[in-house]
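Between the sequences and the hints, there should be enough to build the whole structure, so can you do that?
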Amino acid sequence: MTLAQRTISLIVSREAREVLSVSAGLPESDSYLLLVDETDDLGLWARVEREDGEHLVLIRWEYVLAIDVEVAKQREFGFQQ
Amino acid sequence: MDVSVYGSRVFGDDWREAHQRPASDLPALTLAQQSRAKQLRMPEEEYARMVLAEQLSTDRLIERTAAFGNLLDRSIKSRGIDAPVRSVKLDDLHERYEVEVQANGTRVPLTIDGRLVQDLLERGSAEAEASLSRIIDLTLGRRVIA
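So the sequences go chain by chain: A and B.
Numbering-wise (the numbering used here), the first sequence opens with residue 1 and increments by one.
Numbering-wise (the numbering used here), the second sequence opens with residue 1001 and increments by one.
In short, the hints are calculated from the structure, not lab data.
No false leads were slipped in.
Derived, one-sided and incomplete: chain B residues facing chain A with beta-carbon distance under 8 Å:
#1 Gly-1007
#2 Arg-1009
#3 Val-1010
#4 Phe-1011
#5 Gly-1012
#6 Trp-1015
#7 Arg-1016
#8 His-1019
#9 Leu-1040
#10 Arg-1041
#11 Met-1042
#12 Tyr-1047
#13 Met-1050
#14 Glu-1054
#15 Leu-1093
Here are the simulated distance ranges between beta carbons:
#16 A/Glu-54 / B/Ser-1024: 20 to 26 Å
#17 A/Asp-68 / B/Gln-1034: 14 to 20 Å
#18 B/Asn-1070 / A/Ala-66: 36 to 42 Å
Note that CB positions come from ideal geometry on N, CA and C, so glycine has one too.
Take a look at the structure:
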């Protein structure tokens, strides 16, 4: 499964909470709801909206404690050809 | 044809659009969503923007899934095979399409790799088109000519 383009709940270490609060302006919390833009060897790149516009924030893997992805969601509709 | 999408994702354009919409356009949160926003110490408006972005992207995924279903149906017909597509489901979590076609009175399941569909619909890849034709021939009983 790829994380890119998925909204995830991210549980991070205490150190990461402080960094995200200062650098990304996110409220200090045990977990964050974030949109992942992409991942690489360094960590995951999340989209963050700030007053000056959109930002991509790198959250390094060593600060990630857990990732929660909602999967039980299905939308259906009938389609007439 | 029944079309469904399992899983969810958010495209960058939809995330941006959701963040530019006035607050009055945002969906009302369910009690569970309000509770989750509180747990995350996230303003409800910000949470609602994430919900809206997901809704916009899901609409696009449904459109893409329906487009693929129609394309597959046409492709099967063009090969002279009587096997209409009955349902197409995008399993976004595993990046594949699960299709059911009606052939000889029974429903035949097909699984198509999502990357192949992406190559076909977004890049118009001739190679992806050939792969899809080969899948149709192999699964629906036509002889494949190398």
